[in-house]
Structures are given as structure tokens and as C-alpha cells.
Amino acid sequence: MIELLPLINMMILLVTALLIVFIPIKRFGVIKIIGSLAFSLVLIFSVVTLLHVQANGAISYIFGGYERFIGVELYIDVFASLFTFFIGLLGLLTFIYSIGYVHKEVEKTQYSRYYVLIFILFFAAYGIIYTNDLFNTYVFMEILSLTACGIVSIKRKRKNYMASFRYLILNEIGSLSFLFGTALLYMITGYTNITLVNDALQDVWHLYPVNIVVASGFMIVGVGIKAAIFPFHVWLPDAHSSAPIPSHAILSAVVLKLNLIVLVKVLYNVFGANVMTSLNIPLFTGVIAGTGMIMGSVFAIAQHDIKRILAYSSVAQVGYIVLGISLMTHLGQAASYFHVFSHGMMKSALFFSAGCIIYVSGVRDVRKYNGMFKLMPLPVITFSLAALGMIGIPLTSGFLSKYYLGMAALDANQGIFVLVIIISSILNAIYYLPIVIRSFLQEPSSELNEISDSSIPYTMMIPVSIFAILILVLGIYPGILTDIIDGAIMSVVGGWQ
Amino acid sequence: MSALFDNIINHINQIGACALIVIGLYIVVMHTNMIKRIIGINIFGTGVFYFFVSIGYVRGGQIPIVNGDESGVMINPLPSVLILTGIVVVVSITVYAMSLVIKIYEGYGTMDQAEITRMKSGENND
Amino acid sequence: MNDIIVKTVARIIVPFIQMYGIFVILNGHISPGGGFAGGALIGVSLILYTLVFGVGAAEKKFSHRLGDLSESGGILIYLLIGSVGIVSGGYFLTNLEAGFLKGETGALLSGGMIPLLMVAIGIKVTSTIITLFHAMIEEDPS
Chain Y
1 MIELLPLINM
11 MILLVTALLI
21 VFIPIKRFGV
31 IKIIGSLAFS
41 LVLIFSVVTL
51 LHVQANGAIS
61 YIFGGYERFI
71 GVELYIDVFA
81 SLFTFFIGLL
91 GLLTFIYSIG
101 YVHKEVEKTQ
111 YSRYYVLIFI
121 LFFAAYGIIY
131 TNDLFNTYVF
141 MEILSLTACG
151 IVSIKRKRKN
161 YMASFRYLIL
171 NEIGSLSFLF
181 GTALLYMITG
191 YTNITLVNDA
201 LQDVWHLYPV
211 NIVVASGFMI
221 VGVGIKAAIF
231 PFHVWLPDAH
241 SSAPIPSHAI
251 LSAVVLKLNL
261 IVLVKVLYNV
271 FGANVMTSLN
281 IPLFTGVIAG
291 TGMIMGSVFA
301 IAQHDIKRIL
311 AYSSVAQVGY
321 IVLGISLMTH
331 LGQAASYFHV
341 FSHGMMKSAL
351 FFSAGCIIYV
361 SGVRDVRKYN
371 GMFKLMPLPV
381 ITFSLAALGM
391 IGIPLTSGFL
401 SKYYLGMAAL
411 DANQGIFVLV
421 IIISSILNAI
431 YYLPIVIRSF
441 LQEPSSELNE
451 ISDSSIPYTM
461 MIPVSIFAIL
471 ILVLGIYPGI
481 LTDIIDGAIM
491 SVVGGWQ
Chain G
1001 MSALFDNIIN
1011 HINQIGACAL
1021 IVIGLYIVVM
1031 HTNMIKRIIG
1041 INIFGTGVFY
1051 FFVSIGYVRG
1061 GQIPIVNGDE
1071 SGVMINPLPS
1081 VLILTGIVVV
1091 VSITVYAMSL
1101 VIKIYEGYGT
1111 MDQAEITRMK
1121 SGENND
Chain S
2001 MNDIIVKTVA
2011 RIIVPFIQMY
2021 GIFVILNGHI
2031 SPGGGFAGGA
2041 LIGVSLILYT
2051 LVFGVGAAEK
2061 KFSHRLGDLS
2071 ESGGILIYLL
2081 IGSVGIVSGG
2091 YFLTNLEAGF
2101 LKGETGALLS
2111 GGMIPLLMVA
2121 IGIKVTSTII
2131 TLFHAMIEED
2141 PS
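Chains as they are written, first to last, in the numbering used here: chain Y, 1 to 497; chain G, 1001 to 1126; chain S, 2001 to 2142.
Don't take each hint at face value.
Unchecked claim - If you anchor each label on the Cβ, the simulated ranges turn out as follows:
#1 Y:Leu472 / S:Gly2089: 22 to 32 Å
#2 S:Glu2059 / Y:Lys32: 25 to 35 Å
#3 G:Arg1059 / Y:Ile70: 19 to 29 Å
#4 Y:Ile70 / G:Gly1072: 19 to 29 Å
#5 S:Ala2057 / Y:Ile25: 25 to 35 Å
#6 S:Glu2059 / Y:Pro24: 15 to 25 Å
#7 S:Gly2099 / Y:Lys104: 50 to 60 Å
To be verified - Not everything, but these chain G residues come out facing chain Y in the computed CB check (under 7 Å):
#8 Arg1037
#9 Phe1044
#10 Gly1045
#11 Val1048
#12 Tyr1050
#13 Phe1051
#14 Ile1055
#15 Gly1056
#16 Val1058
#17 Val1089
#18 Ile1093
#19 Ala1097
#20 Leu1100
#21 Ile1102
#22 Lys1103
To be verified - Within a straight-line C-alpha distance of at most 16 Å, the following computed EDC-like cross-link-like pairs (lysine to aspartate or glutamate) qualify:
#23 G:Lys1036 / G:Asp1112
#24 Y:Lys159 / G:Asp1006
#25 G:Lys1103 / S:Glu2059
For the record, the hints were derived by calculation from the structure and aren't laboratory data.
Positions of the beta carbon are idealized from the N, C-alpha and C atoms, including for glycine.
The task is simple: from the sequences and hints, build the whole structure.
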């Protein structure tokens, strides 16, 4: 029975998306109840699966009961159940936040379509994490990018359409490159199942080095376009800054991380660490990650719109995660998984607080954020806490993730990356600290005097507070997460001899 | 010299698919008209699908339909079935991109992406 | 279009296209084709009807509400057929062990649950193609 829980998770999300179509448009309350129920059930089942897999080992579920090389397989180990718990938590809190916010950004006739898109997005998210088949990953990645474009263009403004078009074309090139890499691997191994490809590659990789390098190049570039790694990030600022605020959180905290999870699966599960290091591929991903960490922050310094600042900051944070992955050591992987969690919490807290501020006052330009603390204390406190976490002040989870990354870089004898992390933290401080200082210390401008934070609905304040509390908890006592992450690394096949 | 020609003729499918991929990528990168970029994505996708399907070919094989007598080697049907799903995905993306282009044309009045960027850069600076 | 030749020929041909589409769907397990190709054919027949007779007449034949319902209904039927395997103790989408009829090789009623899945996919693809076409040619109501 426990083995059916991952499948039941995916079916709950898909069936909820289909049932929302049948509900007439006027009854928004029904959508709220069904959606919250679905996300809560999925979160509970994810936690149960995580505890079961930690105790009993991985679950392998093949559709139709066929053999591995014919059927589609879902492989659920500690890595998969840990990240589905993370995505489930983000989904529930984002859904609660969006109930309060959606009437400002989306028209009334589009509510049901917006929520159908969100549920199908999470269905594709769970599919990517669970699946063990390369072509299945391609299909779910396409569903993810289509629904993400959908929730960007749900607002009927012309710049949303333009941003969504650019997002769509670039992501499509990325997915097709990934498919080309899969075709090259299918040519030399004859399988698309990830474990079978890994077994076959360990035997034959020295016979086809050119093929494997080309295949890994196409796959890394394809996933890199979709995850906004530095030179391929050009779609990100327009798409993220014109999206509605609840979908901005989903785009930045869920969609980018899922494509990085695909990168981890490809580099470790399909190719294996020893094949990668023999072909010198971590060098390239390390250089790209280091450049991204610095250039993302440099671009963010020049922006004035709060949403564009946060979008460019995502580019830098993705660089951190790719750096941890490309070090190819145990500590590097642990650091980048911890940073996935902490960045998800911090970025969501930043977006939701900025959303509360924009909801009440409509101000998006950071040069006008003088004295916001006196007008609405609670969103500004959570924003400042998350911003301090991004810079890396101790007692927050951001400091711990940078510390782990630095330790991992020293352990892998690549000390230059410690210097890059420090420079990037200084650059982060250059654009986050002025916002914090300006909102605490200066006097508010005269046209904002009559607003207060009592008009923010409680459905928006609860997720913000939960994220802020989690940032502090993870910063002070990270042991609850790092133990599970240690178990998750052990279970990723392909390298620790 | 004849070994090179033999190699080319034996792998003509893969060479043709790679040519389509390069043509499609060139169109997406170098042209600024939005409809042409959508056509470029289609050509790129067709090239990748053609590459995938041509892996399944077995020289001297029979059609993979069981008709009573199953002697001889059959062509691998698995890539064709996978690509059927891929074609449906590319079709839906093409339709979605074209609907977006219709709305963009109503909003901006032009279909040239360089011109729209020039118009938008005036709109974003505040 | 107001041309009498076009209208008469379209009125004669549309049932034959639909018959061909249904034939391709039902023979999905014996010959190439299946749900996607057959569904696209039936969808194209309704697009031809819309092009010749106008959007209003086509709306009476296949309304928006029917399109939404049949899109969701197609996937729900697929999930239900897959769940028969779970209920009878096996995996999702189990074919013969879940009790579907096997039949002889090459006959029409054979292959277990594959013809049923093809019908579900055919319904879904039909309504998808018609909805996509309507989304592109209609004036925006809101």
C-alpha cells in the first residue's frame, strides 16, 4: 500500500486539475477548498513516503508490471522523496498565498484556468522527480515549461505576452537539445531507462568518448537554458518580473530547481561521477557557475524595480547550486542540496513580502521604499530577514549554505571558488542592504501616509511568517535537514568508490 | 576516398538530421521575425525527431507487425512510438506560440522582435 | 464561404473523413496509427466544417462546454482504465493480468485494454484540436 503513495500523489494533482474545469466560474470558494485539500494530502503523503523510504530502502514501481527495459519506471529513493516534500511544502504555502492575492492580478473569468495550470505544473514537477526514464523526463519537462509560460501570460498585458513568447522559444530549444542528447545515448546503449543506461555506460564509455562528450554537452546546455545558468539566462528578467506575484514565487522557487534536479540526475545517475571526471566536464560547469555567481549580482545592482532585482538575484543563486554540483564530492552535493532548500525559503519569503508591500501600496520602485517600516512593520521585517539571509549574515540558513559551499570547495582543492563566493556575497550586500536600510531609517514620503498593514489578508501573512520562521530555524539548527540530506546523497548512484 | 563515401552513404540519415538541426538553429538565432522563429523551432524539432527515428532502422529488417509468421529480424518500433508523443508536444507548442504572436501583434503593431525590444526599453526605464 | 460547390462537397465529405478517423482509432492495436492520428483526423473534419459554414454553425455542432468536458473526460477515462490494474492487485496500467480479454492475434477485439485507451486518447485529441483552432480564430471576448 505504501508503494502506491507516489502514484496516488501524482493522480491527486492531475484529477484536481481536471475537476476544476467542471466547476462553474462563480464559485471560487469550492476551488479554494479542493485545492487546499489536495495540496495538504499530497504533503502528508510525501512525508509518509520520506519516512518509509528512509527506513526501508528505495521503491521501484514499473507501470504494467513489465521488465525494466520496456516499461516506464518510477524510482523513489531518499533523494526523490526529500525533494517532493520540499515541492509539496512550497506548493501548499504558495496556494494559500495566492488565494488572497489572485483577485488583484488575474481577471475573474481566468481564475479556474490559472489554477488548472498550477495543478498541472505541480503534477509535472512530481513526475520529473519520480521518473527513472530519460524520455519520460523530456515529456514532463515540456509540460512544465508550457504551464510555466501559461502562468506568465495569464495577465492580459502586452509585455507579458512578449516575455512569455521569449520564454517559450528559448525553453523549447533547451528541451529539444535534451532530447538530442537522449538520442545519442540511446544510440550507444540501446536503453532509455536511467539505471540501465548507467550500467551500460560503465562498460563502454572508453569506446565512445566523443559520443558521450557531445551527448553530455547537449544535455547540460539544454538544462542550462531552462534553469537560467549564466550565459543562457536572457529570458529570465522579463518573464519573472512581469508575472503575477504568486506565480513569480512558483517560477523562481520550483521551476528553476526542478531543472537543476534534472541536471543532478543526468550528471550523477546517467553518466556517473567517474565518467564525468575522466572526460573533464566538471571544469566547464565550474567555470560557468563561477561566472554566473558574479555576473548575476552585477546585473542586479543596476536595476530599480524590485521584481527585476529579485529575478537577477535568482541567476546568481542558481550559480551557487551548480557550483556545488560540479565539485563532484560528497560535501559539494550536500552543500548544494542545502542551498536548494534555503534558497527556496528565502526567495519565497522575499517575493511574498514584496507582494504584500505591492498589494497595499502599489510601489515597485525601490528608490521610493523610504520608511516602509513605519507603515507596515511585518512584511518589512520578513523581507529584511530574508535579505540578510541572502547576503549571508550568521544565524540564518543562507550563511550556513555559503559556509558549506566554501568548505566543499576547499575540500576539493579548488580554493578559487571561496574567493568567488566572498566576492558574490559582497555584491549581494551592495544591492540588498540599501533597500533594508532605506525602509527602516528614513521618513516615508507624503503620499504613502494613509496606508497600513491591517488591510493585508491573513492568508497572505501566514505563509510569509512560516517561511521567515523556517529560515531562522534552519540557520540555528540545521541538523534536522543535513541528516536527511546525507541519506539522500548516499542513494544517488554513480560514484562514491 | 571510397571509404569516406561509404561512410556518408551508410549514415545519410544522421547527416540529414544534423543538417536540419543546424538550419533550424540558424533560423531561430539570426532572424528577428517571430513567425520565422516559430518555423525555425519546428525545423529544429523535425531534425531531432528524424535523428531519433533513424536509430531504429535495421538493414534487411521487416515491418514490425505480427501477421502470423514471425521469422526474421524486425525493425525496432520503439523510437517511432516515442516520437509520436514528441510530435504532439511540438504541435501544441507551435499553436500556443502562434496565439501569443496574434496577441503581441494586436498589442505592439509589429512582428519584429528587435523593434519591440527598442519599444520596450523605452517603456521599462522609469 | 458562400460558394455552392464548396458547401455541397464539404457536406458530402465530412462524414467520410470522420469514418476514416474512427477506423484508424479502432485499429490502433493492429496497424500503425492509434489515438493521436485518428483523433487528429476527426478534429480536422470539424475544422473543415467550421471553415466552410462559419463559426456560428460549428458552435452548434461542438460547443465550448462540450470541448472542455471531453478534454477532461478523456484523461479521466484513461486514469480509470489504469486504476483497474491497481484495484485487481497489480500495477498501474496492467493489461492481461487485470482481467482484460485477450482475443486472437490480428482480430479487432483483442489486445486487452489497448483499444479502450485508444478511444479515450482519440476523444481527447479531437477536442484538443478543435479547441486550439477556435482559440486562434475567435475574437477575444473578455
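Hints, verified against the model:
no.	hint	verdict
1	Y:Leu472 / S:Gly2089: 22 to 32 Å	48 Å, violated
2	S:Glu2059 / Y:Lys32: 25 to 35 Å	32 Å, holds
3	G:Arg1059 / Y:Ile70: 19 to 29 Å	24 Å, holds
4	Y:Ile70 / G:Gly1072: 19 to 29 Å	21 Å, holds
5	S:Ala2057 / Y:Ile25: 25 to 35 Å	26 Å, holds
6	S:Glu2059 / Y:Pro24: 15 to 25 Å	19 Å, holds
7	S:Gly2099 / Y:Lys104: 50 to 60 Å	52 Å, holds
8	Arg1037	6 Å, holds
9	Phe1044	6 Å, holds
10	Gly1045	6 Å, holds
11	Val1048	5 Å, holds
12	Tyr1050	10 Å, violated
13	Phe1051	5 Å, holds
14	Ile1055	5 Å, holds
15	Gly1056	9 Å, violated
16	Val1058	12 Å, violated
17	Val1089	5 Å, holds
18	Ile1093	6 Å, holds
19	Ala1097	6 Å, holds
20	Leu1100	5 Å, holds
21	Ile1102	9 Å, violated
22	Lys1103	5 Å, holds
23	G:Lys1036 / G:Asp1112	10 Å, holds
24	Y:Lys159 / G:Asp1006	53 Å, violated
25	G:Lys1103 / S:Glu2059	23 Å, violated
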